[in-house]
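**Q** Chain order of the listed sequences is A and B. Under the numbering used here, think of the first position of the first sequence as 1, with each following residue one higher. Under the numbering used here, think of the first position of the second sequence as 110, with each following residue one higher.
These are computed hints drawn from the structure, not numbers from a lab. Values in this document were obtained by computation on a predicted structure and should not be read as measured data. Hints are supplied without guarantee of correctness; some may be wrong.
Going by beta-carbon spacing under 7 Å, a handful of chain B positions derived as facing chain A [stated by the list, open to error]:
id, residue
1, 184
2, 186
3, 188
All C-beta atoms in this analysis are idealised placements derived from N, C-alpha and C, irrespective of residue type, glycine included.
2 protein chains.
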Amino acid sequence: MANIFDLPPKLLTEEYFEPLVLGENLLIERIISTGQTTPVGEWYNQERDEWVILLQGNATLGYADGSIIQLRPGDYVFIPAHQKHRVEHTSSEPPCIWLAVHVNLERNF
Amino acid sequence: MANIFDLPPKLLTEEYFEPLVLGENLLIERIISTGQTTPVGEWYNQERDEWVILLQGNATLGYADGSIIQLRPGDYVFIPAHQKHRVEHTSSEPPCIWLAVHVNLERNF
């Protein structure tokens with residue numbers, strides 16, 4: 001048993017990605033952000049669908065159509081494969097703790 | 110966007126199961142427990158692997174070898190397919206909010 005809110009002992013300068021469950025077509029991962037954002041002009045454009053929930057901190061996602069989503073703890077979104085998105089803001093106090101499930105639902109059988 | 114901590118308007122007498130993402134070999138679901146437990150002498154014996162995290166409340170899981178796990182918010186466990194387990198206790202104040210990912214990792218490709 002482990003706890004999703006237990007932080008690594010060292011403060012982080014880079015975003016922290018921790019696989020929790022890994023299959024060929026599944027990744028459950030914890031992400032800890034401490035202020036990092038997607039670099040200006042860049043987008044996530046993922047091969048797989050992503051379901052992601054913010055469990056601590058606050059964060060802002062941006063989409064290619066200009067829409068913005070403000071996330072507080074407990075908020076979750078589904079991001080279909082190839083839906084371009086950016087992380088516009090992540091809090092560092094407290095750090096953002098994300099739980100993400102990556103899967104290709106079309107290949108999921 | 111939705112929030113995992115938003116409770117349904119009515120108080121529940123039965124456990125509440127809410128699919129959040131559904132694929133052929135994937136189910137992400139929210140479970141809300143308000144004191145329910147697995148009936149005496151019964152076990153969960155699931156066809157699929159389960160990764161589950163308790164996000165609110167406190168709960169107790171029991172395994173067939175007699176071991177007991179006390180869960181508090183943020184605690185997560187991986188329960189392989191056919192690992193028999195029971196829910197021995199769930200708090201009602203506050204309700205238990207679980208997030209479970211069911212998948213067959215052996216069939217996951």
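**Q** Indicate, hint by hint, whether the structure satisfies it.
**A** Taking the hints in turn, this is what the structure says about them:
Among the interface hints, the one on residue 184/B holds; its C-beta lies about 5 Å from the nearest C-beta in chain A, closer than the 7 Å criterion. A distance limit of 7 Å between C-beta atoms decides the matter here; for residue 186/B the minimum to chain A is near 5 Å, and the interface restraint holds. Because the closest C-beta pair between residue 188/B and chain A is about 11 Å apart, greater than 7 Å, the hint is violated.
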